[in-house]
Amino acid sequence: MIEEPFASGNSIIHRIDPRFRVAVAILVSMEAALLKDFRAMAFALAGSLALVFLARLDLFHVLKRLFSLVRFLVFVWLLIPLTYEGQAVYLFGPLAWSREGFLLCAQISLKSLAILLFFMALVSTMGLSTLGKSLKALFVPGKLVHLLLMTYRYIFVIGQEYDRLETAIKIRGFSPTTTLHSYKTYAYLVAMLFVKASIRAERVHQAMILRGFRGRFYSLDTFTPSYRNWIFFIAMMGLFIGTLFLERGSVWPITIRF
Amino acid sequence: MAHNDTILIQISGVSYRYPGSAQPVLDDLSLTFREQDRLGLIAPNGSGKTTLFHLIMGLIKPDQGTIEVFGKKVEKPRDFIPVRRKIGLLFQDSDDQLFSPTVMEDVAFGPMNQGKTREEAIEISRKTLAFLGLENFEERITFKLSGGEKRLVALATILSMEPSILLLDEPTTGLDARTKSRLIDILNHLNLARIVISHELEFIQSVTDHIYTMENGRINLDEELHIHQHHHVHRHGKQPHKHV
Numbered sequence: 001m002i003e004e005p006f007a008s009g010n011s012i013i014h015r016i017d018p019r020f021r022v023a024v025a026i027l028v029s030m031e032a033a034l035l036k037d038f039r040a041m042a043f044a045l046a047g048s049l050a051l052v053f054l055a056r057l058d059l060f061h062v063l064k065r066l067f068s069l070v071r072f073l074v075f076v077w078l079l080i081p082l083t084y085e086g087q088a089v090y091l092f093g094p095l096a097w098s099r100e101g102f103l104l105c106a107q108i109s110l111k112s113l114a115i116l117l118f119f120m121a122l123v124s125t126m127g128l129s130t131l132g133k134s135l136k137a138l139f140v141p142g143k144l145v146h147l148l149l150m151t152y153r154y155i156f157v158i159g160q161e162y163d164r165l166e167t168a169i170k171i172r173g174f175s176p177t178t179t180l181h182s183y184k185t186y187a188y189l190v191a192m193l194f195v196k197a198s199i200r201a202e203r204v205h206q207a208m209i210l211r212g213f214r215g216r217f218y219s220l221d222t223f224t225p226s227y228r229n230w231i232f233f234i235a236m237m238g239l240f241i242g243t244l245f246l247e248r249g250s251v252w253p254i255t256i257r258f
Numbered sequence: 001m002a003h004n005d006t007i008l009i010q011i012s013g014v015s016y017r018y019p020g021s022a023q024p025v026l027d028d029l030s031l032t033f034r035e036q037d038r039l040g041l042i043a044p045n046g047s048g049k050t051t052l053f054h055l056i057m058g059l060i061k062p063d064q065g066t067i068e069v070f071g072k073k074v075e076k077p078r079d080f081i082p083v084r085r086k087i088g089l090l091f092q093d094s095d096d097q098l099f100s101p102t103v104m105e106d107v108a109f110g111p112m113n114q115g116k117t118r119e120e121a122i123e124i125s126r127k128t129l130a131f132l133g134l135e136n137f138e139e140r141i142t143f144k145l146s147g148g149e150k151r152l153v154a155l156a157t158i159l160s161m162e163p164s165i166l167l168l169d170e171p172t173t174g175l176d177a178r179t180k181s182r183l184i185d186i187l188n189h190l191n192l193a194r195i196v197i198s199h200e201l202e203f204i205q206s207v208t209d210h211i212y213t214m215e216n217g218r219i220n221l222d223e224e225l226h227i228h229q230h231h232h233v234h235r236h237g238k239q240p241h242k243h244v
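So the sequence lines, in the order shown, correspond to chains A and B. Following my numbering, the numbering of the first sequence begins with 1 at its first residue and continues without gaps. Following my numbering, the numbering of the second sequence begins with 1 at its first residue and continues without gaps.
FYI, nobody ran anything at the bench for these hints, they're computed from the structure. Just so it is clear, the structure is predicted and the values come from calculations on it, not from any experiment. Relax, there's no trap hidden among the hints.
Straight-line C-alpha distance at most 30 Å; calculated DSSO-like pairs for lysine-lysine: (1) B:LYS144 with A:LYS64; (2) A:LYS136 with B:LYS116; (3) A:LYS143 with B:LYS144; (4) B:LYS116 with B:LYS73; (5) B:LYS144 with A:LYS136; (6) A:LYS170 with B:LYS144; (7) A:LYS196 with B:LYS61; (8) B:LYS72 with B:LYS86; (9) B:LYS76 with A:LYS143; (10) A:LYS136 with B:LYS127.
Have a look at the derived ranges for each label pair, beta carbon to beta carbon: (11) B:GLU202 with A:LEU69: 52 to 60 Å; (12) A:SER219 with B:GLU135: 21 to 29 Å; (13) B:ARG78 with A:TYR162: 38 to 46 Å.
For every residue, glycine included, the Cβ atom is placed at its ideal position computed from N, Cα and C.
Just need the whole structure built from these sequences, with the hints factored in.
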């Protein structure tokens, strides 16, 4: 259901402390999202491509993941130039495609590709439990982290329960149509899934109490410090500042005018 | 049960009725469980076996009657904290018991809650996994284990807390023959008092010494079952018939 094709690997990126990777990924993605200059965007995209290359990710899975973004971008390119105000570059009857609209589309495409590639190279190169621990180390509230991990753990179980219920209705001759009966059946199915999930949550909680759970989770992981982490960090700061320089012509993030 | 050992669990006249149901599921049930006892319970579905386990562990409160564990009466939630350290309950569905991402984290969860240090918890978890023949499972992802592996890892999460009593709730459900015999082997190498609920005669016979049935919310202590197999020739052939 959830694949982690990049999680195991032995590239330079995989060996960097996950906390560094998560922190850097957040930083450069936020920067990329706020860019307005095309040179800066191209620089960020080049940086993200370099990281994907360094992480030695399987090209097939990279393209597969990019494809789902591309599908979304196709709609952006079809619709935004039509609805965005500006200088018309192409007219067809009452329809006008605007220049500003196309530019916006190009911006959205470059930025989203760069961000997706950053996350692919830096974040999806770790398992979800490691991601959880990194988030916790980066001061994300423990409750949110455990919500994430528990969801990940039980989404498979709930998925299996859904499959069982679906089989149960199928072997009794159900095939979905656009009738009230079909909608009702699906509503029952979803309701049943909620009931089962909440009963399971209670049993899991009981099992945790029996093992002495008192509201605290303990982590077994220790992160080993290494000079590599800092080299990576400095290199990524170079990317960050280089992008910023291209964007603003100066490295100060805030321009102060008198 | 003619032992002279100390009494571990003493249940006297316990009744329990689930909210909204007319019949009590346990009705004036009594049981004396001593050190070294290996007790098997065979009972139909809905006869209150799981309820009995939940009462002993303090997950639910009896409507009537008293429960004493290690000679101490247990009533309030606080009373059950030491009980839960000493008694390990294996759930019917191992998915309920394994909630951590990796096997090691799950097995170490109990010891960490008991106040052990990280190193101690890892050490004890390694030993427990090795005892169960699961040496290379530490970094395995819990939900990607097979049914049989899940059951054994769930057992590991309990054994790592070093209990002195095991309560096993239908431990063979969904296991193949090989894992079943592995489980029998493991249980017979564990010198732990136990109560085992199962509907599999052969299994329950090989891991317990005394087998009783449950009926009308009580344990039939006056009728100990002795399971034996016999072979005989049938004149009736394949026709349905009764053994008188």
